[in-house]
Amino acid sequence: MTSMSHRRAFLLVGLLLLNSLALVVTAQGASGRGGSKDDFLVNSITIGNLSSPADSWIQPDGAVMPYVFMDETIEITVEVRRLGNAQLGKAAPVTLSVVHPIGYVMQTWSWNTSELLGSIGSDTSSVSWTPDVAHSILNTSTNELHGGLIVRASVDYPQDDRNENDVKEQAVPVAIQSDAMDGIAGTSLGFIPG
423 MTSMSHRRAF
433 LLVGLLLLNS
443 LALVVTAQGA
453 SGRGGSKDDF
463 LVNSITIGNL
473 SSPADSWIQP
483 DGAVMPYVFM
493 DETIEITVEV
503 RRLGNAQLGK
513 AAPVTLSVVH
523 PIGYVMQTWS
533 WNTSELLGSI
543 GSDTSSVSWT
553 PDVAHSILNT
563 STNELHGGLI
573 VRASVDYPQD
583 DRNENDVKEQ
593 AVPVAIQSDA
603 MDGIAGTSLG
613 FIPG
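Heads up, our numbering is the position in the sequence shown plus 422, with the first residue counted as 1.
Don't read these hints as lab results, they were simulated from the structure.
Beta carbons: idealized from backbone N, C-alpha and C, even for Gly.
Any given hint could be a false lead.
[As the list claims (entries may be wrong)] For each label pair, taking beta carbons as the anchor points, the in silico distance ranges come out as: (1) S478 - R584: 42 to 52 angstroms; (2) E494 - D583: 19 to 29 angstroms; (3) L438 - S466: 29 to 39 angstroms; (4) R584 - T530: 37 to 47 angstroms; (5) S541 - H428: 16 to 26 angstroms; (6) D583 - S474: 32 to 42 angstroms; (7) S532 - P482: 30 to 40 angstroms; (8) N565 - E494: 40 to 50 angstroms; (9) G543 - L434: 18 to 28 angstroms; (10) D493 - G543: 14 to 24 angstroms; (11) V555 - P580: 29 to 39 angstroms.
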């Protein structure tokens, strides 16, 4: 009789263990790890803000190119979104770098987003940047401004398997200085080239 009760006890314990293992697999499946449920993306990079906007250069085709001045502080805002239909909030690490066109990383900031649900919200963070070098190219024959330092934002969530939208970069021309003599006073030029 005792061997029969031992068998029942082992059978009962074995069934309970198998049942608990089945629940663990279900819990992992319900957590929404990986794939399209965890697609974090850098949605936008904004140079300047309403109270202190970046200066604007009008390109020959009418497009507006923001540019900044060396040794003047400007705000950079990065917006990160999470796509998918995940029901659990997750945070992701974000890195913002200022990179010289030859590839040298000049300055870096890092932070974590808030807990984002799939397709519902976004996380916006801002940093203050004071460029200490100038870099831009003005084509004087076409009046086109290009070049500049590269502002690169990236989000690096380990389970995100869609990497084509994890990095966004924008070239920001940096002028040497802003001088009142370069402006227009009234209807005449403040500086007349000779």
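The hints, checked one at a time:
Checked against the hint of 42 to 52 angstroms, the C-beta distance between S478 and R584 comes to roughly 34 angstroms, which is inconsistent with it. Between E494 and D583 the beta carbon distance is about 41 angstroms. The supplied range of 19 to 29 angstroms is therefore violated. Between L438 and S466 the beta carbon distance is about 52 angstroms. The supplied range of 29 to 39 angstroms is therefore violated. For R584 and T530, the hinted distance range of 37 to 47 angstroms is not satisfied, since their beta carbons lie about 24 angstroms from each other.
For the hinted restraint 16 to 26 angstroms between S541 and H428, the CB-CB distance of approximately 55 angstroms leaves it violated. Range check, D583 to S474: Cβ separation about 39 angstroms, and the 32 to 42 angstroms hint holds. Checked against the given bound of 30 to 40 angstroms, the beta carbons of S532 and P482, roughly 38 angstroms apart, stay inside it. In this structure, N565 and E494 break the distance hint of 40 to 50 angstroms, their C-beta atoms being roughly 23 angstroms apart.
In this structure the hint that G543 and L434 lie 18 to 28 angstroms apart at CB is violated, the actual value being about 47 angstroms. For the pair D493 and G543, the beta carbons lie near 36 angstroms from each other, so the given range of 14 to 24 angstroms is not met. V555 and P580 have their C-beta atoms about 34 angstroms apart, which keeps the hinted 29 to 39 angstroms range intact.
Violated hints, in rising order: 1, 2, 3, 4, 5, 8, 9 and 10; the structure is consistent with all others.
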